[in-house]
Amino acid sequence: MQTSSDRHEYPAHWEADVVLRDGGTARVRPITVDDAERLVSFYEQVSDESKYYRFFAPYPRLSAKDVHRFTHHDFVDRVGLAATIGGEFVATVRYDRIGAGGAPATSPADEAEVAFLVQDAHQGRGVASALLEHIAAVARERGIRRFAAEVLPANTKMIKVFRDAGYTQKRSFEDGVVRLEFGLEPTDRSLAVQYAREHRAEARSVQRLLQPGSVAVVGTGRTPGGVGRSILGNIRDAGYTGRLYAVNSAFPEERKEIDGVPACRSVRDIDGPVDLAVVTVPAAHVPDVVAECGEHGVQGLVVITAGYADSGPEGRERQRALVRQARSYGMRIIGPNAFGIINTSPEVRLNASLAPEMPRPGRIGLFAQSGAIGIALLSRLHRRGGGVTGVTGVSTFVSSGNRADVSGNDVLQYWYDDPETDVALMYLESIGNPRKFTRLARRTAAAKPLVVVQGARHGGVAPQGHAVRATRLPHATVSALLRQAGVIRVDTITDLVDAGLLLARQPLPAGPRVAILGNSESLGLLTYDACLSEGLRPQPPLDLTTAASADDFHAALSRALADDTCDAVVVTAIPTVGEGAAGDAALAEALRSAAAAVPTKPVLVVHVELGGLAQALSAAASTAPQAGPGTGASQGGPGPAEETVPAAPAQQPPAVRVPEGARLIPAYPAAERAVRALGEAVAYAQWRRDAADPGKVPEYEDIDEKGAAEQIAGYLARGQGLTLGTRETCELLGRYGVRVHRALPAPTPDDAVAAARALGYPVALKATAPHLRHRADLGGVRLDLADEEQLRRAYAELTELFGKPAELRPVVQGMAPRGVDTVVRAVIDPAAGAVLSFGLAGAATQLLGDMAHRLIPVTDRDATSLIRSIRTAPLLFGWRGSAPVDAAALEELLLRVSRLVDDHPEVVAVTLEPVVVAPHGLSVLGASVRLAPPPARDDLGPRTLPAY
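Each residue of the sequence shown is one higher than the one before, counting from 153 in the numbering used here.
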């Protein structure tokens, strides 16, 4: 790409796809000598005013010298980037390294002059802001720390780009020009600006897909049946409010419509814009369709077609080519191998999916990577729709298929702002960017509940068709981190729907205290036991007896809700003989009216074989859509198998008119399911309260951050990755206030005696061989050795039992105060980020996996909750009369380790084991530290879409 005189090869890693402010995409790449014609063409389309702002004078055309200068770069001191759409330039940015007085310079000069030019037709789309992020990242990589820019005062748009970037700036005005200078190191404000722009752009890109003004179904069959024809019919039958077109290159030229929909042979033949294309043609023809759509200005694609990464290595290459081609035209893709998308909003009414029936409109957003699970979710909501969902149906549904482009992260960005979505339910088979997902989930969960079930938890590999980065963290750790971010993590699709319906219908509980009442003593006791199993605090069940009337239920529920010692109520009900549907409706009305009087406490119903009550408990039957006859949901082609949606009950209860906006009471067929959903709501409500005050990362005056950085740099100069020795480990940890108990090697009995004299009796003798380390149960440790005689005897016993000293690697260590043995670990995972873990040493962690985890940096509140999150935490706090440990000292240790890893990402692993926590103070008896170049962090760089 460049001439031999250039100092660096073409930096392909600078290439990136970005989402712009309006939801479209552009490709950012370095400008090379091959771009001369593109640059000239681009410049010709820029207005005279924009040229004047760029060059401070009339500049109608570029000279040959200009073209050479702007296309020949060394990618170090002179760099140019272009934003392209459809292969053509729409904006450019360049920097030139400068020295004192603004003269051209080379390294180590760390300042550069930067300048932009954006085609007028693309101004206002956020192109310049995206380019500034990328050119700043390039400059930092090349050792540049500051940018300078000279801008005419009238060029307010460009001044705003610099001002809004969030960098620390200095502004001056001289000779009629505004001079801006700003540092390039990311700041809290610049990252906040970057995340806000990312959110707006990605949310808008999904909005364009879910709220299109016009849709073309490409691949509509000429005869009834088939995927394309079915989707066309589903869109039409749902009452789509926009313009709909059927496209098939095999249509006869004289054919103008099909099934009442305008028909065209090509997207190019459509008279007017097309916002969304649903692609159902065979994979071999998809590239031609994408080209047609891109040239026509289509904004997004839903690719139903299978045969991509889901079909093996060749298909994966086709998928990569598909994404690259679509992005080159500024389009985003849902799919391929997608089930489709649905938007039930009355302003849209879009069912661009293989589901033959539009779900009931409501407040629940659904996302599923799997088409089969998408069918199952829609089916379950439909099945319970006549009784539990009612008007609490679906707002939007996205089945992403292979998730080649649009992912769950993008949909979360959309749901966060969507006023039509109150609860988000997600089925994820893989998480492509756990660090970003955790960040977005935390923000979303602070505003509305996010319930997630993760498939393929134990398979060890991502589902076929999904491109995800590797993580070394076990699923239990990932699950714990998601919960820390406020995600309601459940195990099954049933739990997903159960929790979602409760959260969509009822207020969050103020605490774990539960009142139980009903007409069955046995069902009440089952509910009581289920509450205890979920960690709730149930009151003794109130048995109203089987003779209880609707009025009795109303009175009992009213009393329970008025009780200040109750945070939630579970009502249990069994059928009343002889009353039938009328009795069900009366009971439903009694419960609804009582609950309406106290709208701050959640109410759930457990019913046994009482379909009529479940129906009556739904929102007003007179206004909610009724379930239609049984229908099937089948791909009819590529994708998941058919699943039948059960028919609505033949006998509907009498219509019960409920005031608009009335609270809807969810009904569950089993006590365990109702209580499990309530338990999740209680935990989520507590997380919301805690998230309002997340705590702070303490500052410690005795931390030597600079000294630790120099020490780490010196160690890494030896090699790319290494585990520090005992002395180096103790020295590095000591700079952060973590003192490791001194241990001296004892290769002979005499050495052991000398070490004990140096340390002072009593001492411990330990074997540190890998197979014996931290295994006191094997007998490799001797404690409380009070004198030389006991030490020599213990040394002889160890060597007799386990072998020669060279194999045992014995050490002598001074005795620490008695306490509870714990373990502290920190690790930097390339996908999830830095994670701090804590548990009790020994069987609790090794056998039972009882460890708690938090993302680094850890706040003081995180540390407090971390040590209390393990199941064996009672052993730390006076279990069975033992003395409580020094929790404050333990929390401080966790915070100091968190600071070390956060300040120095080269510290990729830390293990402190055992840490003996006594009633006063603690002792770190063993420690190891591993150093390596830190994994790349894309969350601190410029905004990019996943590379393909």
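These are computed hints drawn from the structure, not numbers from a lab. It is possible that part of the hints are untrue.
To be verified - In silico lysine-lysine, PhoX-like type, Cα no more than 25 Å apart, as pairs: (1) K309 <-> K322; (2) K753 <-> K600; (3) K848 <-> K600; (4) K588 <-> K848; (5) K309 <-> K203; (6) K600 <-> K588; (7) K753 <-> K588.
To be verified - Computed spacing ranges between beta-carbons, pair by pair: (8) E447 <-> K322: 42 to 50 Å; (9) T875 <-> D939: 49 to 57 Å; (10) H1072 <-> D842: 42 to 50 Å; (11) A844 <-> K322: 51 to 59 Å.
A quick note: this is a predicted structure, and the numbers were derived from the prediction, not measured. Even glycine gets a Cβ: it sits at the ideal position worked out from N, Cα and C.
Problem - Hint numbers not upheld by this structure, sorted from lowest to highest - result: 7, 9, 10, 11
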